[in-house]
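Asker: The chain contents come next:
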Amino acid sequence: MLETEFTPIASLLGGALIGLSAVILMASHGKVAGISGIVSRILPPVVDTKGMPQGLTFISGLLLVPPLWFAVFGQAPVTAISSNIMLLGVAGILVGFGSVLGNGCTSGHGVCGISRLSGRSMIATVTFMVFGVVTVFILRHLVGG
Amino acid sequence: MRFLTTLFAGLLFGTGLILSGMANPKKVQNFLDIFGSWDPSLAFVMGGAILVTAPGFWLVQKRTSPFFHDVFQLPARNDIDARLVTGAAIFGVGWGLGGLCPGPAVTSLLFFTPGVLIFVPAMLVGMILAKFIALPSRKIVNA
Chain A
1 MLETEFTPIA SLLGGALIGL SAVILMASHG KVAGISGIVS RILPPVVDTK
51 GMPQGLTFIS GLLLVPPLWF AVFGQAPVTA ISSNIMLLGV AGILVGFGSV
101 LGNGCTSGHG VCGISRLSGR SMIATVTFMV FGVVTVFILR HLVGG
Chain B
1 MRFLTTLFAG LLFGTGLILS GMANPKKVQN FLDIFGSWDP SLAFVMGGAI
51 LVTAPGFWLV QKRTSPFFHD VFQLPARNDI DARLVTGAAI FGVGWGLGGL
101 CPGPAVTSLL FFTPGVLIFV PAMLVGMILA KFIALPSRKI VNA
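As they're listed, the protein sequences go chains A and B.
Position 120 of the first sequence, counting from 1, maps to 120 under the numbering used here, and the rest follow consecutively.
Position 107 of the second sequence, counting from 1, maps to 107 under the numbering used here, and the rest follow consecutively.
Capping the alpha-carbon separation at 25 Å, the derived lysine to any residue pairs in SDA-like fashion look like this:
no.: 1; chain 1: A; residue 1: 50; chain 2: B; residue 2: 74
no.: 2; chain 1: A; residue 1: 50; chain 2: B; residue 2: 8
no.: 3; chain 1: B; residue 1: 62; chain 2: B; residue 2: 74
no.: 4; chain 1: A; residue 1: 50; chain 2: B; residue 2: 7
no.: 5; chain 1: B; residue 1: 62; chain 2: B; residue 2: 4
no.: 6; chain 1: A; residue 1: 50; chain 2: B; residue 2: 69
no.: 7; chain 1: A; residue 1: 50; chain 2: B; residue 2: 70
no.: 8; chain 1: A; residue 1: 50; chain 2: B; residue 2: 4
no.: 9; chain 1: A; residue 1: 50; chain 2: B; residue 2: 5
no.: 10; chain 1: B; residue 1: 62; chain 2: A; residue 2: 117
no.: 11; chain 1: A; residue 1: 50; chain 2: A; residue 2: 63
Source of the hints: derived by calculation from the structure; they are not laboratory data.
Start from the sequences, fold in the hints, and give me the full structure.
Answerer: Right, dumping it as structure tokens:
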């Protein structure tokens, strides 16, 4: 079964929380909430030691979600991910590489950048959407899933 | 206080990602599968986020500075270069293949799904590789 349930309310609400978080980060620290940037800045070869404490704090906030989710709901949310280790490894490398090369991912470009009406972010968002659609088309309809 | 605010922002962000379905790779791939089992839900995630962020950013930036810093540190570039488009394209291929992007991947680490535990280290390797390659021509590293 390839179908997933259409969840406009939960998705809209989740999106609003993401947006609220981005506004809080902008209001408090004057920074864009881009996850690939926050994560990659604390990685070698050039580590942003000055921004590291705040970066690690934000990441800690993300990491706290699963234990809290368990505490509240008693179970992990339903997800389905490929069991192909090679595919996931390649996907991970491409996502990490591409987001750093392109200066952003779904959060930095897709949410914050578009909200700032950044031309770069709009181009980036359209580009990764189109390539995502083409990739899934090839994966599911040409190669066969 | 500034750390508590950041921690809270991370918590909100992560909760939003899980609630919205962005951390479910099958849902992401269905969003991208417009010629197959299309699930438009994730358009609502971006919509919901931008509905809050666009007016929120506008309002916040009416202040002269953020609460805990002297200045807003906004990305200043507006040139469209090959690196931006190539990076976004590579990112898109990886996003389509795995159904995960950095935020949801990091957030769902402690659900201990085997696939995520493979994806995240690979993603970090990809980031380090890109930083090595981008290094010589990147002037502002801590932007």
